[in-house]
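Take these sequences, add in the hints, and give me the full structure.
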Amino acid sequence: KFNLEYCLLYASMAVSGMVLAVFTMKLFSFVDLDIGEFYFSNVVLFGAAALAVVAAYLVSLNLKLAKNITPYISKIFSPLVLITLFIYLITVIWV
80 KFNLEYCLLY ASMAVSGMVL AVFTMKLFSF VDLDIGEFYF SNVVLFGAAA
130 LAVVAAYLVS LNLKLAKNIT PYISKIFSPL VLITLFIYLI TVIWV
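For the sequence shown, our numbering begins at 80 and goes up steadily by one.
Quick caveat, the hints were computed from the structure, so don't treat them as lab data. A couple of the hints might just be wrong.
[To be verified] With a straight-line cut-off of 30 Å between C-alpha atoms, the simulated DSS-like cross-links for lysine-lysine are:
no. : residue 1 : residue 2
1   : Lys154    : Lys80
2   : Lys146    : Lys80
3   : Lys105    : Lys154
4   : Lys80     : Lys143
5   : Lys154    : Lys143
Model, not experiment: these values are computed from the prediction.
Written as structure tokens, this is what we have:
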């Protein structure tokens with residue numbers, strides 16, 4: 080049971096992280112900034128390392144994640160999207 084929920088949560092958070100990475104790269108390519116090397120060496124690297132720990136922690140809370148995984152994904156990635164858009168806004172104003 081733990082392994083199934085862990086794999087499900089890990090995969091859904093990994094896909095969400097990939098979508099966020101592509102979204103971020105496309106946003107900054109609109110203002111002709113190549114942040115690929117910085118983003119993947121700092122943000123993606125630490126996010127991928129923390130993904131296993133966060134997924135194991137959420138599964139260990141025994142929240143029946145298989146049935147209602149969407150609220151947990153949105154609670155994790157909503158602040159990340161907000162930070163990305165805020166940094167993009169600052170970049171657009173600056174450049």
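**Request:** For the pair we were handed, Lys154 and Lys80, check the Cα-Cα distance against 30 Å.
**Result:** holds, 23 Å
**Item:** Given hint Lys143 paired with Lys80 - CA-CA distance at most 30 Å
**Value:** holds, 10 Å
**Message:** Next pair to validate is Lys146 with Lys80; report whether the Cα-Cα distance is within 30 Å.
**Reply:** Given that 30 Å is the threshold and the Cα spacing comes to 13 Å, the pair holds.
**Request:** Given the hint that Lys105 pairs with Lys154, test it: the Cα-Cα distance must not exceed 30 Å.
**Result:** Holds, because 23 Å separates the two Cα atoms, which is no more than 30 Å.
**Asked** Within a Cα-Cα threshold of 30 Å, do Lys154 and Lys143 meet the stated pairing?
**Response** holds, 16 Å
This entry satisfies every hint, going by the numbered hints stated previously.
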